[in-house]
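Participant: Working from the sequences, and respecting the hints, build out all of it.
Here are the chains, one letter per residue:
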Amino acid sequence: MRSSALRELAVADDGSESTGPVAVDQAAAGRDAAPARLPFGPRDIALCLTAVALLLRPMGPWFVRPALLALPVLMILSPALLRSALAWGAIAVLIAVRIADDWPLADNHIYLLGYWTLAIALSLRAPDGEAALASSSRWLIGLAFVFAVLWKAVLSPDFLDGRFFRVTLLTDPRFGDAAQLIGGLSSQQLADNRKALEVLPSGAELLEPPTVDEPTRLRWLAMAATWGVLALESAVALTMLLPTTALRSAVRHITLLVFCGTTYLFAPVAGFGWLLLAMGAGQLDGKQVGLKRAYVAAFLVVIFYGEIPWADLALKAGRG
Amino acid sequence: MRMVAPAMLVVVASTQIALSRTVELTAWKGGGFGMFATLDHAAYRGIDIVVDGPDRSEALEVPASIEVAVARAAACPTDGALRTVAESVLARERRYHRPVSRVTLTFWKADFDRATLRPSERPVRTFVYDAP
Numbered sequence: 001m002r003s004s005a006l007r008e009l010a011v012a013d014d015g016s017e018s019t020g021p022v023a024v025d026q027a028a029a030g031r032d033a034a035p036a037r038l039p040f041g042p043r044d045i046a047l048c049l050t051a052v053a054l055l056l057r058p059m060g061p062w063f064v065r066p067a068l069l070a071l072p073v074l075m076i077l078s079p080a081l082l083r084s085a086l087a088w089g090a091i092a093v094l095i096a097v098r099i100a101d102d103w104p105l106a107d108n109h110i111y112l113l114g115y116w117t118l119a120i121a122l123s124l125r126a127p128d129g130e131a132a133l134a135s136s137s138r139w140l141i142g143l144a145f146v147f148a149v150l151w152k153a154v155l156s157p158d159f160l161d162g163r164f165f166r167v168t169l170l171t172d173p174r175f176g177d178a179a180q181l182i183g184g185l186s187s188q189q190l191a192d193n194r195k196a197l198e199v200l201p202s203g204a205e206l207l208e209p210p211t212v213d214e215p216t217r218l219r220w221l222a223m224a225a226t227w228g229v230l231a232l233e234s235a236v237a238l239t240m241l242l243p244t245t246a247l248r249s250a251v252r253h254i255t256l257l258v259f260c261g262t263t264y265l266f267a268p269v270a271g272f273g274w275l276l277l278a279m280g281a282g283q284l285d286g287k288q289v290g291l292k293r294a295y296v297a298a299f300l301v302v303i304f305y306g307e308i309p310w311a312d313l314a315l316k317a318g319r320g
Numbered sequence: 001m002r003m004v005a006p007a008m009l010v011v012v013a014s015t016q017i018a019l020s021r022t023v024e025l026t027a028w029k030g031g032g033f034g035m036f037a038t039l040d041h042a043a044y045r046g047i048d049i050v051v052d053g054p055d056r057s058e059a060l061e062v063p064a065s066i067e068v069a070v071a072r073a074a075a076c077p078t079d080g081a082l083r084t085v086a087e088s089v090l091a092r093e094r095r096y097h098r099p100v101s102r103v104t105l106t107f108w109k110a111d112f113d114r115a116t117l118r119p120s121e122r123p124v125r126t127f128v129y130d131a132p
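Protein sequences, first through last, are from chains A and B.
1 is the number of the first residue of the first sequence in this note's numbering; add one for each residue after it.
1 is the number of the first residue of the second sequence in this note's numbering; add one for each residue after it.
Just so you know, these hints were derived from the structure itself, not from any lab.
One or more of the hints may lead you astray.
What the hints assert, rightly or not - Heads up, incomplete: computed chain A residues facing chain B, CB under 7 Å, no partners named:
1) Ala119
2) Leu122
3) Ala132
4) Ser136
5) Trp139
6) Leu140
7) Leu143
8) Lys152
9) Asp158
10) Phe159
11) Leu197
12) Val199
13) Val212
14) Trp310
Note that CB positions come from ideal geometry on N, CA and C, so glycine has one too.
Facilitator: What follows is the structure in structure tokens.
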């Protein structure tokens, strides 16, 4: 087995990747004791990040989960397997089985992961593989965001008027800390509001129904979340689907990075963030070294967002 | 070949929208990317269970053993999904030697008032299963 993909990732970041064998100056390598430089292009970064994302959120029933964990491990250890269309095709099939077995309960990013792994498998068979993967990535992200915007702006009755975030900030425990920290709620107000928003059985009515207490800051937070999310998602959709120019390419990556950097600070779906970042890296060419580093850094940042209870720590610090 | 995966996304997401409009599939599930778009999700939709039998008419809490079946039916309350829940309830009641002649399932959703946010439960459809 060749040296691991992760080791290659660590040594080839100067934008000089090639797809052919790399001649290594052994004498020079001996002089500066630097590790040998092996080809590891942006597509490999995208594939590696996808494999890591699969490992970070194990999924599926017993008859798909072991293979969905074992294949990414082997891919990270073996660059040959990382670039195997068959292996990625197998992962796509396993994800499809996982979705069908649990239908309709699978989250949307599992579907996107399935499309993405299929796109990887097909691109690895294509003569212009990197361009094919970049194109599939743009279309998949763009279309996913088009549908997300369609749901929020047109199909849902309770998003644009702010009700979704007004209720979610108060009732979803995953947003409770942010509601207190940014929305200015006390823990007692939060508890009282949750009680007031409990759904009563059909026909039941309280003699004196409690009212929801929304401080102005909380209303502002809900409206900022409503319109901010819609604006960012629209921007991602637009920049992904418009034809590529040098400027649009840069704006496209910046928009996606800003979306992931802000959304996943609050949204408890790190798996979606990792997937989008892996897909974004799949659009890079060998010269975009800074963006390559930015995607890897953002991937790590999303891990930290999920694992560090930053809002809770800030709340405790604020209380002294 | 590069458009195969995006084409699949469009087909699945369009089907999801159609199912949400025809059989009440929740916006959050089914591959249509409607998550974080509406309050119409698992926390605010559910299935009420009532069993009838000789000398009994009783509302049941959802037993742990059929939670997944109920979650599926709440996410997409088709006849098939509701029948699966009813048959599971019937089988469970009979395991405990409790007589059942009919299982009635009511699928409900919660609405929130636009101004006050006051919630109210709204029955959407009722499914009656007569025990064989």
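Participant: Determine for every hint whether it applies to the structure shown.
Facilitator: Now for the hints, and whether the structure bears them out:
no.	hint	verdict
1	Ala119	holds (4 Å)
2	Leu122	holds (5 Å)
3	Ala132	holds (4 Å)
4	Ser136	holds (5 Å)
5	Trp139	holds (4 Å)
6	Leu140	holds (6 Å)
7	Leu143	holds (5 Å)
8	Lys152	holds (5 Å)
9	Asp158	holds (5 Å)
10	Phe159	holds (5 Å)
11	Leu197	holds (6 Å)
12	Val199	holds (4 Å)
13	Val212	holds (5 Å)
14	Trp310	violated (20 Å)
Of the numbered hints stated above, the single one contradicted by the structure is hint 14.
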